[in-house]
Every structure is written in C-alpha cells, then in structure tokens.
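Trainee: Each chain, letter by letter, is given below.
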Amino acid sequence: MAVEGQALVDMARYLGAGLCMGMGALGPGLGEGFAAGKACEGIARSPEHAALLTRTMLVGQAVSESTGIYSLVISLLLIFVVGAQ
Amino acid sequence: MDVMWETVNWVLMAKYFGASLAVSIAAFGSAYGEGYIAYKASEAIARQPGASSDIVRTMLITQAVAETAGIFGLLVSIILLFIASSQGTLSYAVALVAAGLCMGVGAVGAGVGSGQAGGAACEGIARYPRLSADILLTTLVGQAIVQTGCIFALVISMLLSLMQQGADSIVIRGAMLGAGCAMGFGAIGAGISTGFTAKKAIWGMSRDADLGGVLTRTMLLGQAVAHAGAIYSLIVAFLLIFGNKA
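So the sequences go chain by chain: A and B.
Following this note's numbering, the numbering of the first sequence begins with 1 at its first residue and continues without gaps.
Following this note's numbering, the numbering of the second sequence begins with 1 at its first residue and continues without gaps.
Calculated from the structure, these hints are not laboratory results.
One or more of the hints may lead you astray.
Stated by the list, open to error - Here chain A is said to cover these stretches of chain B; the calculated rule only asks that three of the stretch's residues, wherever they fall, bring their Cβ under 8 Å from a Cβ of chain A:
hint : stretch
1    : 38 to 45
2    : 76 to 86
3    : 169 to 176
4    : 180 to 194
5    : 217 to 225
What the hints assert, rightly or not - Label pairs and their computed distance ranges (CB to CB):
hint : chain 1 : residue 1 : chain 2 : residue 2 : range
6    : B       : L162      : A       : V81       : 29 to 37 Å
7    : B       : M163      : A       : S46       : 49 to 57 Å
8    : A       : L8        : B       : I71       : 35 to 43 Å
9    : B       : N244      : A       : E4        : 34 to 42 Å
10   : B       : D208      : A       : A12       : 28 to 36 Å
11   : A       : L52       : B       : S85       : 52 to 60 Å
12   : B       : N9        : A       : V73       : 35 to 43 Å
13   : B       : Y32       : A       : V73       : 30 to 38 Å
14   : B       : Q164      : A       : V9        : 19 to 27 Å
15   : B       : M163      : A       : R55       : 27 to 35 Å
16   : B       : E6        : A       : G83       : 27 to 35 Å
17   : A       : H49       : B       : S85       : 51 to 59 Å
18   : A       : I74       : B       : S86       : 34 to 42 Å
19   : A       : I69       : B       : A64       : 29 to 37 Å
We treat Cβ as the ideally placed atom computed from N, Cα and C, and that holds for glycine.
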C-alpha cells in the first residue's frame with residue numbers, strides 16, 4: 001500500500017493531538033491538586049478564613065488550568081481544523 | 001536468517017509487548033504508594049503503640065485501594081494476552097500497544113496519589129486515635145476520587161484492545177497511538193496531586209476534629225477541579241478513537 005503525503009500529514013495530526021493533550025494535562029493536574037492540598041492545610045490552621053481560602057484556591061486553579069485549556073484547543077485544532085482536506 | 005513478517009506476527013508481537021507495558025508501568029505506581037503507606041504506618045506505630053491495631057487495619061485497607069491501580073494494569077495485561085484477538089490489521093496492532101501504554105502510564109498517578117492519602121491516614125490516627133473511623137472514611141472517599149483518572153485509562157485501554165479496527169491506514173495507526181498517549185499521560189498529574197489534596201485534608205482533620213465537614217467539602221471541590229485535565233484527555237481520546245478519519 002502506497003502511503004501518500006496527505007495520509008502522513010493526517011497521521012502526524014492525530015498523533016500530535018494525542019501527545020499534546022496527554023502531556024498538556026500533566027502540569028495543570030499536578031499544580032491544581034497541590035493548590036487544593038495547601039488550601040485544606042490553610043483551612044485546618046485558620047478555619048475562620050475558609051471562604052477566603054476556597055476562593056483563592058479556585059482562582060489559582062483556574063489560572064493553572066489555562067495551559068491545559070491551551071492544550072485542549074490545540075488538540076481540537078489539530079483534529080478538526082489544521083491540515084485537513 | 002530471513003524471517004517472513006506477516007501482519008499476524010505484528011499483531012502477536014503487539015499483544016505481548018502491550019501486556020508487559022501495562023502491568024510493569026502500573027506496578028511502579030502502586031508499589032510506590034503501598035510502600036509509602038507502610039512507611040508512614042511504621043512511623044505512626046512507633047509514635048503511638050497503643051493504637052497499633054487501628055493503624056495496621058487502616059494501613060491494610062488503604063493499601064488495598066492503592067493496589068487497585070496495579071490490578072487494573074494486570075487486568076489489561078490479561079485481556080491483551082488471552083482475550084484480544086490475534087487476527088487483525090496493523091492498525092489493530094498499534095492499538096494493542098497503545099492500550100498497554102495507556103493503562104500502564106495512567107495507573108502511575110493513582111497508585112502514588114492513593115499512597116499519599118493512605119500514609120496521611122496512618123499518621124492522623126497516631127495523632128488522634130479516637131477519630132480513626134472518621135479518618136478512614138474520609139481517606140477512602142479521597143482515594144476513590146484519586147482513582148478516577150485510572151478508571152478513564154482503563155476504559156480507553158479496553159476500547160483500544162477489544163474494538164477491532166476494520167480499515168487499515170497509517171492515519172488510523174497514528175490516531176490509536178495518539179489516543180493511548182493522551183489518556184495515559186493525561187491521568188498522571190491529576191492522580192498524584194489529588195492524592196496530595198486528600199493527604200492535607202486528612203492532616204487537617206486529625207488536628208481539629210470539628211473541621212471534618214468543611215475539609216471534606218474543600219477536598220472534593222479541589223479534587224474535582226484538578227481532574228479537569230484528565231477529562232479533557234478523555235474527550236480527546238474519544239475523538240481520536242471514534243472520530244471520522246477518512
């Protein structure tokens with residue numbers, strides 16, 4: 001079976017999309033859990049600030065999630081938009 | 001020596017290679033987690049010998065949960081060895097290797113994370129033996145959430161290993177390997193860090209028993225947000241497996 005140029009491009013698109021999302025989810029996953037862990041620690045130390053700590057945790061996690069969302073966007077672009085015929 | 005390689009040889013090779021990947025990489029995470037629990041339990045008993053029976057019980061129960069990730073790896077290994085078809089296209093061969101990689105790498109995070117939670121439970125019971133039942137309950141809830149990414153990886157591995165790819169092309173091969181990499185690597189980060197979240201929540205509970213409710217709530221909220229990346233990975237893996245690859 002002869003492999004044509006477009007087939008190679010498609011193969012690279014799909015493999016790249018998978019690698020992009022897989023590696024891209026590593027960092028946000030790690031960072032957000034650590035943020036949540038420290039928020040729990042903070043609430044245990046000063047329970048009266050629970051609401052403030054929860055809010056800070058969520059804001060920090062949202063910022064940390066942004067790179068994961070970049071990966072998702074690039075993955076979806078690779079699957080559906082870029083290089084497709 | 002000139003060996004004639006036919007497609008069936010590639011499929012068999014992929015089955016055996018995938019099976020070894022699944023169980024060996026998954027075993028790494030589980031074993032690390034269980035060892036960490038035992039290490040914390042030993043420390044806890046040295047500190048509070050009176051609570052040793054509670055601590056040993058907690059150690060064994062939480063180790064069993066950490067073992068789940070390794071058992072998933074074993075399960076996928078057995079599926080690849082005995083249940084997955086030996087006939088198929090080259091795309092199916094690539095899907096089998098991807099299934100092994102996905103389950104193996106995806107289980108590492110859950111094993112390490114469950115170990116963090118279990119270790120914190122043993123430590124907490126040593127500090128506050130009267131609370132052992134509450135601490136164990138929170139630990140099991142936290143550990144169950146830690147396993148989420150690992151369960152996603154199991155689902156994708158089963159789809160990859162049991163669903164025959166009818167057509168064969170280099171495009172489908174790339175998509176299968178991409179799906180396995182996406183879900184496998186995507187589950188590591190969330191698994192490790194949600195285990196750390198559970199560890200800190202249990203640490204807080206064992207300092208002040210009245211805070212159990214608010215800490216469990218914060219833990220669950222934080223863990224849910226931390227799993228967003230794993231869910232994106234699951235979506236991309238599904239798109240790669242089921243999407244139109246004409």
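Trainee: Hint by hint, which ones does the structure fall short of?
Mentor: Of the numbered hints given earlier, those the structure breaks are 1, 2, 9, 10 and 15, listed in rising order.
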